[in-house]
Amino acid sequence: MHRYRFVLLRPLQFLPVLFGISVITFVLVRLIPGDPARMLLGTRATASALERIRAQYGLDESIWVQYLYFLKNLFAGEMGKSIVFKTDVLKLIGTRIEPTLVLVIGSVALAILIAVPMATIAARNRGRIPDQVVRVVSTLGLGTPPFWLALMLMIVFSVKLDLLPVSGYGRTLPEKAAHMVLPCLTIALSLSAVLTRSLRASLIAQITSDQATAARARGLSEGTVFWRHVMPNAIVPTLNLLAVNVGWLIGGTVIVESVFAIPGMGQLLIRGIFSRDYMVVQGVAMCFAVATVLVNFLADILTVAADPRVKL
Amino acid sequence: MTAIAARPLYLRRFPGRTTLVVGLTVVGLMLLAALAAPLIAPYDPVFQDGTARLVAPSAAHPFGTDNFGRDVFSRVIWAARVDLQIAFLGVVFPLVIGTTIGTVAGYFGGVVDAVFMRIVDVVLAFPYLVLIIAIIAILGPGLKSFYIALALVGWVSYARLIRSQILILKSADFVLAARSLGYSHSRIMFRHLLPNALISSIVFAMSDMVLVLLGGASISFLGLGVQPPTAEWGIMVAEGQGFITQALWMTMFPGLAILLLSFGFSLIADGLGEWLGVKE
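So the sequences go chain by chain: A and B. Quick note on my numbering: the first sequence kicks off at 327 and runs consecutively. Quick note on my numbering: the second sequence kicks off at 27 and runs consecutively.
Treat the hints with care, since some could be wrong.
[Stated by the list, open to error] Interface residues of chain A toward chain B, partial, derived using beta-carbon atoms under 10 Å:
(1) 472
(2) 575
(3) 634
No wet-lab data here; the hints were simulated from the structure. Treat the numbers as computed from the prediction; the structure is a model and nothing was measured. Just so you know, even glycine gets a beta-carbon here, dropped at the ideal spot from N, CA and C.
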C-alpha cells in the first residue's frame, strides 16, 4: 500500500498552495481603491455597522494583522456578506453549486463520448482521409469561441427546431435536464477537441507498442487488441489531461452560464463583478481555486490506481 | 545533399509543411485585410445608416447591417485589427516576462527557483479565466486591464516551460565551455542558454494565441474588455445576441472570423511543432 502513501503526504504539499490562494484573494480585494468597510457593506451602511465590520476584519490595524483577521474569519467559515443578496457569501455559493457541478460533469461525460470514437477512427486510419477529417474538425473545435457556439446551438435547437428550452435552469429534474443539454454540449464540443487530439496521439503510440504486437502474436483479432490492450493504456494520459484542464473547464462554465442564464457559480462571479459585490468575487474565485487543487489531487489518486507502475 | 540543402526553405519538404503553409496563409490574409482595412472595408465601421437597419446580407452589405445600420462586413474587417492586436500583445507580454523569470529561476536554482515555482503553483491553481476576470474587475473594464491581467497570469506557463528546458541544458558542454571562458551569468543565460531553450516556447506561444484570442473575445463578450462602439468580434457577437432571431448575420459572421483566425494560429502551431519536433 506504500504506493498510496502520497494520499496522506500530498495534502501537506497543498498547504503552501492554499496559503498562496488565500494571499492572492486577500490582496485582490484589498487592492480595490476605497474604504474596505464600505465595500463590504455597501454605500448605505450605518455608522455602527461600519464600526462593527472594522472590528471584525481589524481594518484599522496594519495590513499584516488584517490578513490574520482574514484567515481567522476564513477558518470560521466567514467569507463576508454579499451586498446585493444580503446573505453570507458561503451560503450563497452553496445554493449555486448544483448547476455548475452538473454542467462540469455533464460536459466532461459528453466530451468523452465524442472524443473516444473520433480518436479511434483517426488512429485506426492514420494518415488517411478519416484521420484528416478528424484533425480538421478537432482543430476547428479548439478555435470555436464557446459564447458564439452557445448562441448558434441555441438558434438551431431551441429556436429553429424548438426541441430544447432557450435558457434558464428550471425547477423539476426533467426541466433541469432539458435546460442543461445545450450548455453541456457547448463545452463538450470544445473539450472533446482537446481530448481527441491527445487520445489520438496516445492511441497511435500504443498501437505500435510491444505489448500490442505481443497481443497480435498471440493471435488476438485487431479489434480485441485495440479495445482490450491499446485503449485502456491510451486513455490514462487523456484522463489526466482532463484534470490539467479543469481550470480551463471552469472558465468555460463561467461563459456558458452567462450566455444561458444558468444560476450557477460562474454567473454569480460575473454578476458580482458588475455589481461590485467584491466579497462574492473573492469567495467564488477562492472556491474555484480550491476545487482545481482537489481535482488534480483526485486525478493523481486515479492515475496511481489505474497504473501500478506509477509512483508519486 | 548539398543541392537539397541549398534550396530555400519554402521549396524544401519537411514534416508539417502543408499545415504550416495553410496556417500562415490564413493568418497572413487576415493580417493583410486588417492592415488594408481602410481600402477594403466598403463603409466606415462606426457609421450609422438610419435608413438601413438590420438589412439582410446583400450585394451592398455582404454581411448585412446591425441594429444601428452599421455595415457588418466593414466592422468585421476593422475588428481584425483589434483582435490580432489582442492575440499578439496578449502573448508577447507573458512570453517575455515568463521567459525571463523561467530562465533566471532555472539557471540559479535554489531559493529563487523555489520561490518562483511556488508562485507558479499558486497562480496555476486558479482557473485562468477566473483570475483574469477578477483582476479586470479590480482594474476596471478595458483592453489595458486585460493586457495587465494577462501579463500577471499568463507568464507562469512560459516560466515553467522554459525552466524545464534550462534545467536540461544547464549541464551541457557548451555551457561549461562558456563558464570556463569566464562569461558572466547574464551572458550565459541570455546569449547561450535561452536561444537553445526557446523553440518549445515559440511553438507554445502560437497555440497560446488561440487561447488568448478566445479569452480576449470572451472577456469583451462579457462586457469587460473592448468597449463599444469599437468594432471587435467578441463585442459584435454580444451586440448581435439580442437580435439573434431577426438578424443572425450580426452574430454569425464575427464568430466565424474568430474561428478562422484561431484555426490559422492552431495550424501554424501544429505545423511548427511537427517541423521542429516539439510535442505539446
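Now for the hints, and whether the structure bears them out:
no. : hint : verdict
1   : 472  : 7 Å, holds
2   : 575  : 8 Å, holds
3   : 634  : 25 Å, violated
Of the hints listed earlier, the one the structure fails to meet is number 3.
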